[in-house]
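Protein chains: 2
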Amino acid sequence: MRVEIWSDIACPWCYIGKARFEKGLAEFAHGDDIEVVHRSFELDPNRRKGDIAPVIPMLAEKYGRTLEEARAMEANVASNAHAEGLGYLADGRDHGNTFDIHRVLHLAKARGRQSELLDLAYRANFAEERSVFDSEVLVAIAVEAGLAEAEVRTVLADESAYADEVRADEREAAELGANAVPFFVLDRKYGISGGQPAEVFTQALEQAWQERTPVPALKSVQGDAEACGPEGCEVPR
Amino acid sequence: MRVEIWSDIACPWCYIGKARFEKGLAEFAHGDDIEVVHRSFELDPNRRKGDIAPVIPMLAEKYGRTLEEARAMEANVASNAHAEGLGYLADGRDHGNTFDIHRVLHLAKARGRQSELLDLAYRANFAEERSVFDSEVLVAIAVEAGLAEAEVRTVLADESAYADEVRADEREAAELGANAVPFFVLDRKYGISGGQPAEVFTQALEQAWQERTPVPALKSVQGDAEACGPEGCEVPR
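From first to last, the protein sequence lines stand for chains W and A. For the first sequence, position 69 matches number 69 in this note's numbering, and the numbering has no gaps at all. For the second sequence, position 199 matches number 199 in this note's numbering, and the numbering has no gaps at all.
Hints in this document: simulated from the structure, not taken from any laboratory. Among these hints, one or two may not hold up.
As the list claims (entries may be wrong) - EDC-like, lysine to aspartate or glutamate: derived pairs with alpha carbons at most 16 Å apart:
#1 W:Lys189 with W:Glu172
#2 A:Lys23 with A:Asp94
#3 W:Lys109 with W:Asp164
#4 A:Lys62 with W:Glu172
#5 W:Lys219 with A:Asp94
#6 W:Lys219 with A:Asp51
#7 A:Lys62 with A:Glu84
#8 A:Lys62 with A:Asp32
#9 A:Lys219 with W:Glu211
#10 W:Lys109 with W:Glu144
#11 A:Lys109 with W:Glu211
#12 W:Lys189 with W:Glu206
#13 W:Lys62 with A:Glu231
#14 W:Lys109 with A:Glu35
#15 W:Lys219 with A:Glu206
#16 A:Lys219 with W:Glu206
#17 W:Lys49 with W:Asp134
#18 W:Lys109 with W:Glu151
#19 A:Lys189 with A:Glu206
#20 A:Lys49 with A:Asp158
#21 A:Lys109 with A:Glu35
#22 A:Lys219 with W:Glu35
#23 A:Lys219 with W:Asp164
#24 W:Lys219 with A:Glu231
So here's chain W without its partners, still in its complex pose (with noise of 0.2 Å):
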């Protein structure tokens, strides 16, 4: 059974989301069967490239409150990461456009190291107030994970890059009514909206998982044609 999180390293809420999910999955009995995939979404995908701005400032204008008043929601936050045993250092991450940093999780996606990477990715722009926008930190941290330098520069380089497998998760999570994230789909029938407590997983688990599609019966194609079995291979009759 398959699970998509769309998510963006921007997004505090994922990071935390994505440990209770993780949480939430080691209660679950069969989660030797579960394919975990994360998908791209971005917060401010209409942001400039280079316009890299700490995050509490541009809080405070978001939402027209007082710098005071913009730490402390970003302490509520840090409080709920900390209860989840994740870092957050409440101030001075940046904030930025993350289109390339969902270029090189596709990547890493193509390299099977994918949940690795945006692990890392969160630590550094959570915990550890790196500057993920800064393509040598993004680097470093894609290294880390085990992806070959080259290849990450190579596509860093290049922005069609996985661009289009960035876009095309970004359309499927509007065709499938997520404007928010982090969002959870089980197993193509069950939507999951935010930060939900692990047993809110654990149990969505184990719904999807009474309810999960049966192997189908497959409808032929053509008849057979040459093929191999356990008695040989043979031309079919």
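Chain W is fixed; fit chain A onto it per the hints.
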């Protein structure tokens, strides 16, 4: 849309069928939207691991034919391979247990190198008559496909590594009614048995594409929780 292909490296019609499928896929208008996944199937699962033997005498014994007749069978397969532009030496390849090859193919899948390794293993087995049942040959091919040598050796040394994944593929083949390979499953709806002509694949892809599963209406679980959208990160009302 996803296409799953069950095959065994010891199966000449899988080698030929992969080339025919890829020709058919190249003629299909939405090829970029097709995800191809290769799955494991063993033709001779009960063969002892070290029991490696030249294929011509094995075929003669299996079918109760003379060596000359077995050579003619292989020559017929070779001419089919040549017609697809594939190398095929009609004499000299080995037969053996393919479980380890399937385990390494699953490692390659996890690293995004599955199709590359499958092509190189087929080429080694059928066109170059390098014995892919020899671990050192398998390691060399896997490295050529882009895998890290140490990781390949670790998988080969641990007989449980990716063993469950191989068996899960084989169980699924049985559940889908496949008892010979190559076996192609389109969008979990159409089954195609054997190395059909390329145009059969193109037509089946077009048919499955017309009928592909639309984006489902998701059932919502538990209402919303903390999430971030374009308007910001807020606790839902």
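Going through the hints against the structure:
For the suggested pair W:Lys189 and W:Glu172, the alpha carbons sit about 14 Å apart, so the restraint of at most 16 Å is met. For the proposed pair A:Lys23 and A:Asp94, the alpha carbon gap of about 28 Å is over 16 Å, so the pair is violated. Restraint check for W:Lys109 and W:Asp164: satisfied, since their Cα atoms lie roughly 14 Å apart, inside the 16 Å limit. For the hint pairing A:Lys62 with W:Glu172, the CA-to-CA distance comes to about 51 Å; that exceeds 16 Å, so the pair is violated.
Restraint check for W:Lys219 and A:Asp94: the C-alpha separation of about 35 Å exceeds 16 Å, so the hint is violated. A threshold of 16 Å between alpha carbons decides the hint, and for W:Lys219 with A:Asp51 the separation of about 38 Å lies outside it, so the pair is violated. Only pairs whose Cα atoms come within 16 Å are accepted, and A:Lys62 paired with A:Glu84 is rejected, the gap being roughly 27 Å. Between the alpha carbons of A:Lys62 and A:Asp32 the distance comes to roughly 42 Å, so the proposed pair goes past 16 Å and is violated.
Between the alpha carbons of A:Lys219 and W:Glu211 the distance comes to roughly 12 Å, so the proposed pair stays at or under 16 Å and holds. Restraint check for W:Lys109 and W:Glu144: satisfied, since their Cα atoms lie roughly 15 Å apart, inside the 16 Å limit. Taking the CA atoms of A:Lys109 and W:Glu211, the gap is about 28 Å. The hint is violated against a cut of 16 Å. The straight-line distance between the Cα atoms of W:Lys189 and W:Glu206 is roughly 13 Å, inside the 16 Å bound, and the hint therefore holds.
At most 16 Å may separate the alpha-carbon atoms for a hinted pair to count; W:Lys62 and A:Glu231 meet this at roughly 8 Å. A C-alpha spacing of about 13 Å is found between W:Lys109 and A:Glu35, which places the hinted pair at or below 16 Å, so the restraint holds. At most 16 Å may separate the alpha-carbon atoms for a hinted pair to count; W:Lys219 and A:Glu206 meet this at roughly 14 Å. As the CA atoms of A:Lys219 and W:Glu206 are separated by approximately 14 Å, the hinted pair is consistent with the 16 Å bound.
For the suggested pair W:Lys49 and W:Asp134, the alpha carbons sit about 10 Å apart, so the restraint of at most 16 Å is met. Distance check on the hinted pair: W:Lys109 and W:Glu151 sit about 13 Å apart at the alpha-carbon level, within 16 Å; holds. Between A:Lys189 and A:Glu206 the alpha-carbon distance is near 13 Å, which keeps this suggested pair within the 16 Å criterion. This hinted pair checks out: A:Lys49 and A:Asp158 have alpha carbons roughly 14 Å apart, not beyond 16 Å.
Taken as a hint, the A:Lys109 and A:Glu35 pair is honoured in the structure, with Cα atoms around 13 Å apart against an allowance of 16 Å. Simply put, A:Lys219 and W:Glu35 have alpha-carbon atoms about 20 Å apart, too far for the 16 Å limit, and the pair is violated. With a CA separation close to 28 Å, the supplied pair A:Lys219 and W:Asp164 exceeds the 16 Å bound. Pair hint W:Lys219 plus A:Glu231 does not hold up; C-alpha atoms about 46 Å apart against a cutoff of 16 Å.
Against the hints set out earlier in the document, violations occur for numbers 2, 4, 5, 6, 7, 8, 11, 22, 23, 24.
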